[in-house]
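Engineer: Each chain, letter by letter, is given below.
Protein chains: 2
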Amino acid sequence: MGDGIARLPARNIPAPVGVSDHAAKVLAADLLPPGRYPALDDPEGWRRLVAKRDRVRAEESAPVLEKLQVDVEARTMGGRPVYVATPRGARLTNRGHVLLDIHGGALVFGGGEINVRFSAASMALRTGCVAYSIDYRVPPDHPYPAALDDCMEFYRDMLADHRPGEIVFSGASAGGNLAAAALLRARAEGLPMPAGAILRTPELDLTESGDSFHTLMGLDVVLPASLMEVNRLYAGGADLADPYLSPLFGDVSGFPPTWLQAGTRDIFLSNTVRMHRKLRAAGVRADLHVWEAMPHGGFGGAAPEDREVSAEMATFVASLG
Amino acid sequence: MGDGIARLPARNIPAPVGVSDHAAKVLAADLLPPGRYPALDDPEGWRRLVAKRDRVRAEESAPVLEKLQVDVEARTMGGRPVYVATPRGARLTNRGHVLLDIHGGALVFGGGEINVRFSAASMALRTGCVAYSIDYRVPPDHPYPAALDDCMEFYRDMLADHRPGEIVFSGASAGGNLAAAALLRARAEGLPMPAGAILRTPELDLTESGDSFHTLMGLDVVLPASLMEVNRLYAGGADLADPYLSPLFGDVSGFPPTWLQAGTRDIFLSNTVRMHRKLRAAGVRADLHVWEAMPHGGFGGAAPEDREVSAEMATFVASLG
Numbered sequence: 001m002g003d004g005i006a007r008l009p010a011r012n013i014p015a016p017v018g019v020s021d022h023a024a025k026v027l028a029a030d031l032l033p034p035g036r037y038p039a040l041d042d043p044e045g046w047r048r049l050v051a052k053r054d055r056v057r058a059e060e061s062a063p064v065l066e067k068l069q070v071d072v073e074a075r076t077m078g079g080r081p082v083y084v085a086t087p088r089g090a091r092l093t094n095r096g097h098v099l100l101d102i103h104g105g106a107l108v109f110g111g112g113e114i115n116v117r118f119s120a121a122s123m124a125l126r127t128g129c130v131a132y133s134i135d136y137r138v139p140p141d142h143p144y145p146a147a148l149d150d151c152m153e154f155y156r157d158m159l160a161d162h163r164p165g166e167i168v169f170s171g172a173s174a175g176g177n178l179a180a181a182a183l184l185r186a187r188a189e190g191l192p193m194p195a196g197a198i199l200r201t202p203e204l205d206l207t208e209s210g211d212s213f214h215t216l217m218g219l220d221v222v223l224p225a226s227l228m229e230v231n232r233l234y235a236g237g238a239d240l241a242d243p244y245l246s247p248l249f250g251d252v253s254g255f256p257p258t259w260l261q262a263g264t265r266d267i268f269l270s271n272t273v274r275m276h277r278k279l280r281a282a283g284v285r286a287d288l289h290v291w292e293a294m295p296h297g298g299f300g301g302a303a304p305e306d307r308e309v310s311a312e313m314a315t316f317v318a319s320l321g
Numbered sequence: 001m002g003d004g005i006a007r008l009p010a011r012n013i014p015a016p017v018g019v020s021d022h023a024a025k026v027l028a029a030d031l032l033p034p035g036r037y038p039a040l041d042d043p044e045g046w047r048r049l050v051a052k053r054d055r056v057r058a059e060e061s062a063p064v065l066e067k068l069q070v071d072v073e074a075r076t077m078g079g080r081p082v083y084v085a086t087p088r089g090a091r092l093t094n095r096g097h098v099l100l101d102i103h104g105g106a107l108v109f110g111g112g113e114i115n116v117r118f119s120a121a122s123m124a125l126r127t128g129c130v131a132y133s134i135d136y137r138v139p140p141d142h143p144y145p146a147a148l149d150d151c152m153e154f155y156r157d158m159l160a161d162h163r164p165g166e167i168v169f170s171g172a173s174a175g176g177n178l179a180a181a182a183l184l185r186a187r188a189e190g191l192p193m194p195a196g197a198i199l200r201t202p203e204l205d206l207t208e209s210g211d212s213f214h215t216l217m218g219l220d221v222v223l224p225a226s227l228m229e230v231n232r233l234y235a236g237g238a239d240l241a242d243p244y245l246s247p248l249f250g251d252v253s254g255f256p257p258t259w260l261q262a263g264t265r266d267i268f269l270s271n272t273v274r275m276h277r278k279l280r281a282a283g284v285r286a287d288l289h290v291w292e293a294m295p296h297g298g299f300g301g302a303a304p305e306d307r308e309v310s311a312e313m314a315t316f317v318a319s320l321g
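Taken in order, these protein sequences are the chains called A and B. Take the first sequence: its letter number 312 is residue 312 in the numbering used here, and every next letter is one higher. Take the second sequence: its letter number 286 is residue 286 in the numbering used here, and every next letter is one higher.
In isolation and in its complexed conformation, chain A is listed as follows (with noise of 0.2 angstroms):
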């Protein structure tokens, strides 16, 4: 150090041993090959890239998606296609709330009928509530602001049927991004505050600025590199650090109560405590859980920590108001 540089030696860091059994296989996987993206001139590459990670995802998720007690139904709101996923029976734990959820994917991939309708069904049954998703625009044909303007439609059609005081807004990583950025647009544009934020493993710094994009790159099984190629599509030529793009340079105060998830191996450990000091600083309600050894994103849904994550968010909407 000295000149405020870390050099550190090759090294071998032993698997983890306090984390359960599921997780010890997870973290033993090899690491995902590093995304090879298209040229930012080459829309066409893009659409293809997309469409193929889109269709890998669907089929991974269908079966799994027949399987789950919940109730799923197409709507349009906000001119998007949105799936409202509903628990059966003794599964709906919470009526006095509903979820409008932002899915993942790097605020390009994650689309898709089959892809939504997942992400709906799994939020509803961590959760017990009611959880509308958005499949909303992405690049490289509708760069931002689409995605933000999709969400912030959504919002409004939400708010049509919902009091603000029963929605709470959900994502996971790139929908940590546009829920905290739909927040900002929410207070600048005079809508309502919903009743929380449900921020997992949020991308919410496109510049990368985090420490730990640095300390943890290469232990993070599901984030192995740096995403900025995909984040300057989906910037389309905006600037990387507005607010609206990385929600982590906003002003926050005003922000409903705020629940954030990360992992001591996940590369986006930096922009979920920042936000989270950022938040308390503003004198926000803001509730820190960070998981030993987890990745970006989890154990893959079935790891006893999972199931630790959906608890502590349903315990955190059955608390709101």
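Don't take every hint at face value.
Which copy is meant is left open, so a pair is good if it fits within one copy or across any two.
Quick list of in silico lysine to aspartate or glutamate cross-link-like pairs, DMTMM-like style, CA-CA up to 20 angstroms [said to hold, decoys possible]:
no.: 1; residue 1: Lys278; residue 2: Glu308
no.: 2; residue 1: Lys25; residue 2: Asp3
no.: 3; residue 1: Lys278; residue 2: Asp21
no.: 4; residue 1: Lys278; residue 2: Asp242
no.: 5; residue 1: Lys52; residue 2: Glu229
Hint data in this document are derived by calculation from the structure and do not stem from the laboratory. Model, not experiment: these values are computed from the prediction.
Mind docking chain B on chain A? Use the hints.
Structural biologist: Okay, now just chain B, sitting in the frame of chain A:
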């Protein structure tokens, strides 16, 4: 990976940008040289090392202590010297609670009148409460369970003068170990629980099983190496995994509301988040706060981030019934 071992190449971690200028200066300092310790069977060598380190620390603290707006008086409680610090004038913001403070220093260092006066005085000013801090016995002459026994007698004496609902345990690093172990002992011995507990960057696991002992090694400018040799000296042959030595492995049900703090460059980050999860799973109110790029123990006391830590601790104490 594949076998669960993450093989990281040599790399340079740039200085973090999301911190205050003061914090950046602290992080740019040269790494402290790892402690070189005498052999376990060399008590005279340990006595000399403890005396030297405590003297150096006292020489640094004494001029600061003189200027603090706090009155400190000496007492004897639990058969040991205890220092009672009262913030002056309007700095005494919380008259409803008193701190039972246990100083840090790897369970061996940090004792002596000046150092313990300083621990009491700084915690009193940071929280706005009257703070009692004990100069507990340490190795090599007094290994486990001497320090914990002293803390138990200290708590019994506190209970003679204060309702349990007035008392808040507080400890940083090794002090967090003793504070949590004292809660386990108090429950086992039929003593009432205090109103709350403050565990700052706590040394809750003397087996050092957390992932951050590996992932953050070399990035924590305050704790650049394992403390295992010191842990063994403290244990004096007792099992390091015993919950009274490593409270992370204890049954924390019935613990009082607990406030936990760490940093993303703190090798005790895993200790902290694992205890947070454990408390939450046991149904205990537990509030987690993690600061960006903060090493073990904070940024030296004078950074804006350190003041945020103080403000959060004061808010927590004020929130207790």
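Engineer: With 20 angstroms as the alpha-carbon cut-off, assign the pair Lys278 and Asp21 to within, between, both or neither.
Structural biologist: between (35 angstroms within a copy, 17 angstroms between copies)
Engineer: Between Lys278 and Asp242, at a C-alpha cutoff of 20 angstroms, which is it: within one copy, between copies, both, or neither?
Structural biologist: Only inside one copy: Lys278 and Asp242 sit 16 angstroms apart there, 38 angstroms across copies, limit 20 angstroms.
Engineer: Between Lys52 and Glu229, at a C-alpha cutoff of 20 angstroms, which is it: within one copy, between copies, both, or neither?
Structural biologist: within (18 angstroms within a copy, 54 angstroms between copies)
Engineer: My question is about Lys278 and Glu308: at a cut-off of 20 angstroms on alpha-carbon distance, are they close within one copy, between copies, both, or neither?
Structural biologist: between (25 angstroms within a copy, 11 angstroms between copies)
Engineer: Classify it for me, Lys25 with Asp3: is the Cα-Cα distance of at most 20 angstroms met within a copy, between copies, both or neither?
Structural biologist: between (39 angstroms within a copy, 9 angstroms between copies)
The structure meets every hint from the earlier list without exception.
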